[in-house]
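Protein chains: 2
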Amino acid sequence: MYVEKPMVVFLDKLASRSPEPGGGSASALVGAVGAALVSMVANLTLGKEKYAGVQDRIEALLRDSEGLRAELQTLIQRDTEVYADVSEAYKLPRDTEEQKAERAARIQEALKKATEVPFRIAEKCLEVARLSETAAEIGNVGAVSDAGVAVLLAEAAAQSAALNVRINVNSIEDREFAESRWGRIEEILEESARLRDSVLRLTYEKLG
Amino acid sequence: MYVEKPMVVFLDKLASRSPEPGGGSASALVGAVGAALVSMVANLTLGKEKYAGVQDRIEALLRDSEGLRAELQTLIQRDTEVYADVSEAYKLPRDTEEQKAERAARIQEALKKATEVPFRIAEKCLEVARLSETAAEIGNVGAVSDAGVAVLLAEAAAQSAALNVRINVNSIEDREFAESRWGRIEEILEESARLRDSVLRLTYEKLG
Numbered sequence: 000m001y002v003e004k005p006m007v008v009f010l011d012k013l014a015s016r017s018p019e020p021g022g023g024s025a026s027a028l029v030g031a032v033g034a035a036l037v038s039m040v041a042n043l044t045l046g047k048e049k050y051a052g053v054q055d056r057i058e059a060l061l062r063d064s065e066g067l068r069a070e071l072q073t074l075i076q077r078d079t080e081v082y083a084d085v086s087e088a089y090k091l092p093r094d095t096e097e098q099k100a101e102r103a104a105r106i107q108e109a110l111k112k113a114t115e116v117p118f119r120i121a122e123k124c125l126e127v128a129r130l131s132e133t134a135a136e137i138g139n140v141g142a143v144s145d146a147g148v149a150v151l152l153a154e155a156a157a158q159s160a161a162l163n164v165r166i167n168v169n170s171i172e173d174r175e176f177a178e179s180r181w182g183r184i185e186e187i188l189e190e191s192a193r194l195r196d197s198v199l200r201l202t203y204e205k206l207g
Numbered sequence: 000m001y002v003e004k005p006m007v008v009f010l011d012k013l014a015s016r017s018p019e020p021g022g023g024s025a026s027a028l029v030g031a032v033g034a035a036l037v038s039m040v041a042n043l044t045l046g047k048e049k050y051a052g053v054q055d056r057i058e059a060l061l062r063d064s065e066g067l068r069a070e071l072q073t074l075i076q077r078d079t080e081v082y083a084d085v086s087e088a089y090k091l092p093r094d095t096e097e098q099k100a101e102r103a104a105r106i107q108e109a110l111k112k113a114t115e116v117p118f119r120i121a122e123k124c125l126e127v128a129r130l131s132e133t134a135a136e137i138g139n140v141g142a143v144s145d146a147g148v149a150v151l152l153a154e155a156a157a158q159s160a161a162l163n164v165r166i167n168v169n170s171i172e173d174r175e176f177a178e179s180r181w182g183r184i185e186e187i188l189e190e191s192a193r194l195r196d197s198v199l200r201l202t203y204e205k206l207g
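Protein chains in written order, with numbering that gives the first Met the number 0: chain A, 0 to 207; chain B, 0 to 207.
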């Protein structure tokens, strides 16, 4: 598990010619950093008298952000696994017609599975962006810049995951599957971009 | 050094109520991830016959991206140290007029030093964004999505660092210093945003 290894091990391997980890894992990590910053704002608001009126909402915020962080940390690893499955499918023999058909079917199956991971990363990052808005609105104003950083990272991570969905859907023959996934990605990117603009504006307003 | 500890240690500490690491360190990490992705594109282009005509430029690209990655990895740590200096200055005694003056001077000095770190992170992230453009233009087209992710992360990290510059310049009394730093940050954000748009457009074009 990359999250249990030194950070520099992940960065060195990412920089290398090794195909994994790649952009998918990188986007999951950046989404997890965004979620961690929402948690930080929540933790700096919990138990503060000045924010007594929002303690219940802050507790829920922290539960949600820590849940998303755990999921995104798992997806860092998951992306490397589905990538390996695609590579293996491409290496299958193609000497006979039967082998060619079998290989093509296995590639298509692996590509669909490989699409689901960055798709889920994008969905989770949109949720992190939504939580950033709550953090900026009701969280400790002394930590509002961290809510701003959270939305910036969540939006960039969603956009990054979208690029990795795009690579896969381009090779998927099941057009209904490909179009439904890409259609949803476009909605996610639109809402993330809107959240980035509004939360960033609010952050600068509160910073003065 | 956080980069030498398990990634989850950094994420857990970031999520906690501990004031460090904060948004500054998070932006340096995300910039380093972007630089690593530029290196990956370069490494996947080196030695490939199809890209024989750009090998010299790719070698220079890799040297630059690895240099920036090393600097940004150092800045993850550096941001926690200058933050600690600011906190210490605020804790100085203020019982006499002399102590008050001494404390105010120390705070101002620490704030200036604390501004330089996210300022440098933003500058380095702009350089990563520029390298992403080269990677998308001349790098292995099979890895173009990674160049796209690199520019997304570099731009978000520059914007994140800018928020951390903003917090400090707001408290700095030397207006000439504060305005010169913020003026340069505005230029960095403008160029980063332009690069994000153009590199992302090129990435989608090449992905098809």
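Careful: at least some of the hints might be erroneous.
Heads up, the list lumps identical chains together, so a pair's fine if it works in one copy or across two of them.
[To be verified] Okay, derived cross-link-like pairs now, BS3-like style, lysine-lysine, Cα gap no bigger than 27 Å in a straight line:
#1 K12 - K99
#2 K205 - K12
#3 K47 - K205
#4 K111 - K47
#5 K12 - K111
No lab work stands behind these hints, which were simulated from the structure alone.
Do the hints match the structure? See the list:
1. K12 - K99: neither (33 Å within a copy, 50 Å between copies)
2. K205 - K12: Between copies, since 25 Å is at most 27 Å while 39 Å is not.
3. K47 - K205: Answer is within; shortest intra-copy Cα gap is 19 Å, inter-copy 51 Å.
4. K111 - K47: neither (47 Å within a copy, 29 Å between copies)
5. K12 - K111: Within one copy only: 25 Å inside, 36 Å across.
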